[in-house]
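As a plain string of letters, each chain reads:
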Amino acid sequence: MNLFPLWNSLRIALISTVVVFFLGLFFAYYIAKLPRVLKGILDVILTLPLVLPPTVVGYLVLRLVGPRRVLGKFFLAAFGFTIPMTWWSAIIVTVVVIFPLMYRTARGAFESFDNTLMYSGQTLGLSNSFIFWRIRLPYCRQGILAGTVLAFARALGEYGATSMIAGYIPGHTATISTTVYALWKNNQDAEALKWVLVNIAISAVVLLAVNLLEKREKQKGVKA
Amino acid sequence: MALSVDIKKRLGNFELDVQFETAEGMLAILGASGCGKSMTLKCIAGIETPDEGRIVLDDVVLFDSEKHINLKPQKRKVGYLFQQYALFPNMTALQNIMCGVREGSKEEKRQKALEIIDRLHLNGCEDKKPSMLSGGQQQRCALARILVNEPQVLLLDEPFSALDAHLRFHTERQVENIIKDFGKTVLFVSHDRDEVFRLTDQIAVMEDGHFKAIGEKHAVFLDPSTMGGAILTGCKNISDAHVVGPNRVYAEDWDVELAVGEIPEDFRGIGIRMHDVHIVDGETSVTYEKENAFHCKVLGEIENPFSYSVMLRPDGKNGDRYILIDLEKPVWNQMRKEYLDVCLPKDKILLLK
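The listed protein sequences correspond, in order, to chains A and B.
Residues in the first sequence are numbered from 1 upward in steps of one, following this note's numbering.
Residues in the second sequence are numbered from 1 upward in steps of one, following this note's numbering.
If you're looking for bench data, these hints aren't it; they were derived computationally from the structure.
One or more hints might be untrue.
Subject to a maximum C-alpha distance of 35 Å in a straight line, what follows is the list of computed DSBU-like cross-link-like pairs (lysine-lysine) [as the list claims (entries may be wrong)]:
{"hint": "1", "chain 1": "A", "residue 1": "Lys215", "chain 2": "B", "residue 2": "Lys129"}
{"hint": "2", "chain 1": "A", "residue 1": "Lys39", "chain 2": "B", "residue 2": "Lys8"}
{"hint": "3", "chain 1": "A", "residue 1": "Lys33", "chain 2": "B", "residue 2": "Lys129"}
{"hint": "4", "chain 1": "B", "residue 1": "Lys329", "chain 2": "B", "residue 2": "Lys8"}
{"hint": "5", "chain 1": "B", "residue 1": "Lys129", "chain 2": "B", "residue 2": "Lys109"}
{"hint": "6", "chain 1": "A", "residue 1": "Lys39", "chain 2": "B", "residue 2": "Lys72"}
{"hint": "7", "chain 1": "B", "residue 1": "Lys236", "chain 2": "A", "residue 2": "Lys33"}
{"hint": "8", "chain 1": "B", "residue 1": "Lys128", "chain 2": "A", "residue 2": "Lys215"}
{"hint": "9", "chain 1": "A", "residue 1": "Lys33", "chain 2": "B", "residue 2": "Lys72"}
{"hint": "10", "chain 1": "B", "residue 1": "Lys77", "chain 2": "A", "residue 2": "Lys39"}
{"hint": "11", "chain 1": "B", "residue 1": "Lys348", "chain 2": "B", "residue 2": "Lys236"}
{"hint": "12", "chain 1": "B", "residue 1": "Lys106", "chain 2": "A", "residue 2": "Lys33"}
{"hint": "13", "chain 1": "B", "residue 1": "Lys67", "chain 2": "A", "residue 2": "Lys39"}
{"hint": "14", "chain 1": "A", "residue 1": "Lys39", "chain 2": "B", "residue 2": "Lys75"}
{"hint": "15", "chain 1": "A", "residue 1": "Lys33", "chain 2": "B", "residue 2": "Lys297"}
{"hint": "16", "chain 1": "A", "residue 1": "Lys33", "chain 2": "B", "residue 2": "Lys75"}
{"hint": "17", "chain 1": "B", "residue 1": "Lys109", "chain 2": "A", "residue 2": "Lys33"}
{"hint": "18", "chain 1": "A", "residue 1": "Lys33", "chain 2": "B", "residue 2": "Lys128"}
{"hint": "19", "chain 1": "B", "residue 1": "Lys106", "chain 2": "A", "residue 2": "Lys215"}
{"hint": "20", "chain 1": "A", "residue 1": "Lys33", "chain 2": "B", "residue 2": "Lys8"}
Let the sequences and hints guide you as you build the complete structure.
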């Protein structure tokens, strides 16, 4: 069994999750401070990928980075390569697709934050970045952790937008999900099943890890 | 060492408009919840921004709307003790206190924190998270964190309200000593008149976003000057009133005319404390005065732990409110009758705006 799809899926999911972790936190933190109307509009735009079919996201991203489109043209002219059909082009669409999961859970977590902690930190002279990383994030870690894991699990399962932008090139852009489809289409049912099982196993492990983490947090909470 | 505040801030229908100056020592702001006392502290700390005005602390301008000065909370050197203490829940007591030390290496910060832990008797709490500490320890931990920060002014926002009643008195004494050692300006906000009276010398009564009275505590309790002030300082008998003649007013809620002292401008009502209402008959008679004496019907009694509050209405009158009088249990148990003759001594009647 060629393990490339596993490796490719994991690196795409991991990199996308790291990117979305910071992007999601950034937007969740700063959008909460905006005036209400602007906040409402941005909120809709940023959450949209959650409810749109991944094919629509894939289509929109392609319109942006396709070789004959604005960004695509620029890249081709500046660096001499096209974006679609590379393994990392899948990261672009995956980031868009999983962003709302991180953004929304982080925002919910931030909303539960007790602002007097921030105020007391400020009056003590602590910098805003210290307050953010050392007080706000630890306080909200449950929600943020949950959001990160959900985003990762979703990234691992991303199919529609990925297949549109990165296609299915065995050994180059194949991920677990696109491999399952390709194998099934070619009547290689047994092979497809193997990858299905791999996928289920990874997802189950991830979810189990979350549950264990939460349990430990709770126990710590009781003792603390 | 002085703090000078002159600020205005609108929030919907509410308007905060306070002016005061205070030197070393403690000034208490006594007010009901929602009167703007916490908002005042937050404006001084820089957590909230006033619409206009000026805040100066020891010649440093913290806020000046005309000159567009608005120092960040980080730069104001203001120690703010929050009602729920606002300890960082993810850090130990020691880490919390180390957060308060502004300068030095990690080891120096640690040393400073350990010193104050010793001074405030927090030994043994170093490695505990705030949720493992008792209410009193949490409060001292928060105070320690503020004191190592070396603020120029201390703001205490209802510091005892989160404590159990039986702990409060004891904690109050500890805090009193800590504050005395601090030796700079302290603003103390509370709705509890007893607490305020015990802890401070200077009291400001706040109502609806405005200071209604400010001064030495005995003077303020003796003459709270406004209806709100009278309520806040614990006066139970209050009635709307209007002037009916020279030194005579009509108390609307009690339906009686009373002789009073000099009537101030903007006069709105009168008040008299429960213990200032005298019984003028029977064995407990203290004084006998014809003026402001009424034959009253006893409407009912409320049993307190150590006394009775007896509700009275002048006979034949149709007031909406009763006059309350406080009687020790044995006294009332012995006399308990349907009618009482009482006097509202002229010099004890508060004339309120």
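Checked hints:
Simply put, A:Lys215 and B:Lys129 have alpha-carbon atoms about 19 Å apart, close enough for the 35 Å limit, and the pair holds. A C-alpha spacing of about 29 Å is found between A:Lys39 and B:Lys8, which places the hinted pair at or below 35 Å, so the restraint holds. Under the criterion of a C-alpha separation no larger than 35 Å, the hint pairing A:Lys33 with B:Lys129 is consistent with the structure, at around 30 Å. A threshold of 35 Å between alpha carbons decides the hint, and for B:Lys329 with B:Lys8 the separation of about 49 Å lies outside it, so the pair is violated.
Pair hint B:Lys129 plus B:Lys109 holds up; C-alpha atoms about 19 Å apart against a cutoff of 35 Å. Restraint check for A:Lys39 and B:Lys72: satisfied, since their Cα atoms lie roughly 25 Å apart, inside the 35 Å limit. The suggested pairing of B:Lys236 with A:Lys33 is violated, with an alpha-carbon distance near 46 Å, which exceeds 35 Å. Distance check on the hinted pair: B:Lys128 and A:Lys215 sit about 21 Å apart at the alpha-carbon level, within 35 Å; holds.
A distance of roughly 17 Å separates the Cα atoms of A:Lys33 and B:Lys72; the hinted pair therefore holds under the 35 Å criterion. Taken as a hint, the B:Lys77 and A:Lys39 pair is honoured in the structure, with Cα atoms around 34 Å apart against an allowance of 35 Å. Between the alpha carbons of B:Lys348 and B:Lys236 the distance comes to roughly 13 Å, so the proposed pair stays at or under 35 Å and holds. Between B:Lys106 and A:Lys33 the CA atoms are separated by roughly 33 Å; this keeps the pair inside 35 Å, and the hint holds.
A C-alpha spacing of about 32 Å is found between B:Lys67 and A:Lys39, which places the hinted pair at or below 35 Å, so the restraint holds. Of the supplied pair hints, the one linking A:Lys39 and B:Lys75 holds, its CA atoms being roughly 30 Å apart against a limit of 35 Å. Between A:Lys33 and B:Lys297 the CA atoms are separated by roughly 62 Å; this puts the pair beyond 35 Å, and the hint is violated. The hinted pair formed by A:Lys33 and B:Lys75 meets the criterion: a straight-line CA distance of about 22 Å does not exceed 35 Å.
Distance hint between B:Lys109 and A:Lys33 is fulfilled; the C-alpha atoms sit about 33 Å from each other, no more than 35 Å. The suggested pairing of A:Lys33 with B:Lys128 holds, with an alpha-carbon distance near 34 Å, which does not exceed 35 Å. A distance of roughly 33 Å separates the Cα atoms of B:Lys106 and A:Lys215; the hinted pair therefore holds under the 35 Å criterion. Pair hint A:Lys33 plus B:Lys8 holds up; C-alpha atoms about 24 Å apart against a cutoff of 35 Å.
Violated hints, listed in ascending order, are 4, 7 and 15; each of the other numbered hints is respected by the structure.
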